[in-house]
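Q: For reference, the chains in residue letters:
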Amino acid sequence: MRCFSLLSAVCAVALTGLALVEVAPARADDMVTIVIKEHRFDPAEVKITANKRVTLLVDNQDATSEEFESGEMKVEKIVGGRKQIKVMVGPLKPGRYPFFGEFHEATAQGAVIAE
Amino acid sequence: MLASLIIVFREVLEAGLIVGIVLAATQGVVGRGRWVALGIAAGIVGSCIVAAFADGISSLFADTGQELFNAGVLLVAVVMLAWHNAWMAQHGRELARDMKAVGRAVKSGEKSLAALAIVIGVAVLREGSEVVLFLTGILASEEGGLATVAAGGLGGMALGALVSVLLYAGLVQIPTRHLFATTTWLLTLLAAGMASTAVNFLAQAGILMSGGTVLWDTSGFLRDNSLIGQALHIMVGYTDRPTEAQLVAYVAVVAGILLLTRWAARSVPRMVGAAE
Ligand SMILES: [Cu+2]
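First to last, the protein sequences are chains A and B. Under this note's numbering, the first residue of the first sequence carries the number 814, and numbering increases by one thereafter. Under this note's numbering, the first residue of the second sequence carries the number 350, and numbering increases by one thereafter.
To be clear, the hints were calculated from the coordinates, so they are not data collected in a lab. These figures come from a predicted structure and were not determined experimentally. Among the hints, a few may not be true.
As the list claims (entries may be wrong) - Derived SDA-like pairs (lysine to any residue); straight-line CA-CA distance at most 25 Å: (1) A:K899 <-> B:L495; (2) A:K887 <-> B:R590; (3) A:K887 <-> B:G569; (4) A:K887 <-> B:D573; (5) A:K850 <-> B:T485; (6) A:K887 <-> B:L571; (7) A:K896 <-> A:N864; (8) A:K850 <-> B:V498; (9) A:K896 <-> B:V394; (10) A:K896 <-> B:L495.
Generate the whole structure from the sequences, applying the supplied hints.
A: This is the structure:
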């Protein structure tokens with residue numbers, strides 16, 4: 814009994830933070846494809862529309878898995894070998910947003926340019 | 350090989366630091382070794398299952414399965430950490446004061462240990478599935494043989510475990526009366542950091558659309574993917590570019606756990622003698 818009331822209290826408190834921020838369904842307007850081949854991004858630089866939510870389609874053509882990551886765009890997502898993932902970014906202010914492949918950081922480097 | 354070593358080291362470190370903090374926090378609690386081991390074992394088994402079904406998970410919920418899975422797993426850990434801290438506030442003093450109650454307390458202490466085992470389990474699950482995906486990927490390609498994977502993987506695991514052991518050894522140097530307060534704070538901040546990471550995954554999934562403004566940028570000072578930055582990220586939730594939503598989640602969880610533990614500590618008198 815006590816455990817349950819404790820648990821629900823914790824849940825309520827933990828979710829307060831989320832409730833403060835308005836929630837809306839996902840919506841993909843633009844889609845840009847980035848291919849991973851031999852641990853490199855192709856194209857290494859992609860242009861997207863600024864101030865708009867954009868979906869990046871990361872197409873990994875290598876046999877190895879990769880983690881698509883960017884501190885600037887605040888994304889982190891694993892894409893398996895010969896698999897594809899969709900990453901939603903933005904809306905981004907105009908500027909350059911580097912990204913990298915965490916599993917092959919030496920070669921897998923790229924950037925999104927929002928304009 | 351060096352790349353595999355570094356990747357595995359970083360992932361093991363992420364889970365290992367959490368195990369170190371939990372071990373320090375449960376210093377002297379009977380049966381903790383069994384629960385911690387159970388958490389680690391379940392996490393490793395879970396990692397392989399998650400890695401095997403990674404594509405399936407990823408394609409769930411309009412391709413946001415991976416984000417929702419990560420967010421969900423983190424939020425479970427946050428709730429378990431909060432519950433553990435409340436339990437300690439309620440029973441910690443009682444345990445020390447009334448030795449006759451120890452038998453009973455140990456029994457209910459198992460619930461608290463189970464909560465921490467879940468925290469360890471999900472930490473190992475999250476990081477372990479990344480390791481499994483990375484290593485099986487390397488194995489599947491021609492670039493590395495079994496020897497590379499084994500050397501890099503085992504070396505990384507050993508190094509990650511070593512650093513975690515060092516953290517644990519450092520923590521237990523703290524005098525016992527301060528150790529409890531220190532680890533309670535560490536667990537609270539650990540939970541807050543996990544909540545803010547979870548919020549980021551929800552934003553990435555497009556579920557949380559607002560609060561995405563980055564509040565400040567300390568990446569020039571300390572990047573969160575540097576070694577120290579990453580260690581601070583796990584232990585206290587350091588992020589070099591926090592968003593509004595992340596800060597709100599962080600503060601809400603710290604405040605929530607503080608209120609909860611205070612409330613739990615105050616309800617101690619009613620608890621004494623009431624076997625539960
Ligand atoms: Cu990780």
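Q: If a hint holds in the structure, say so; if it does not, say that too.
A: Results of checking the hints against the structure:
1. Straight-line distance between C-alpha atoms of K899 of chain A and L495 of chain B comes to about 31 Å, which puts the hinted pair past the 25 Å bound.
2. About 8 Å separates the Cα atoms of K887 of chain A and R590 of chain B, which keeps this hinted pair within 25 Å; it holds.
3. The hinted pair formed by K887 of chain A and G569 of chain B meets the criterion: a straight-line CA distance of about 16 Å does not exceed 25 Å.
4. Annotation: proposed proximity of K887 of chain A to D573 of chain B holds, straight-line Cα distance about 11 Å (limit 25 Å).
5. A hinted pair counts as satisfied when its Cα atoms are at most 25 Å apart, and K850 of chain A with T485 of chain B qualifies at roughly 18 Å.
6. Taking the CA atoms of K887 of chain A and L571 of chain B, the gap is near 16 Å; set against the 25 Å cutoff, the hint holds.
7. At most 25 Å may separate the alpha-carbon atoms for a hinted pair to count; K896 of chain A and N864 of chain A exceed this at roughly 29 Å.
8. Taken as a hint, the K850 of chain A and V498 of chain B pair is honoured in the structure, with Cα atoms around 21 Å apart against an allowance of 25 Å.
9. Proximity of K896 of chain A to V394 of chain B is assessed by CA-CA distance (about 24 Å); at most 25 Å being required, the pair is judged to hold.
10. Taking the CA atoms of K896 of chain A and L495 of chain B, the gap is near 23 Å; set against the 25 Å cutoff, the hint holds.
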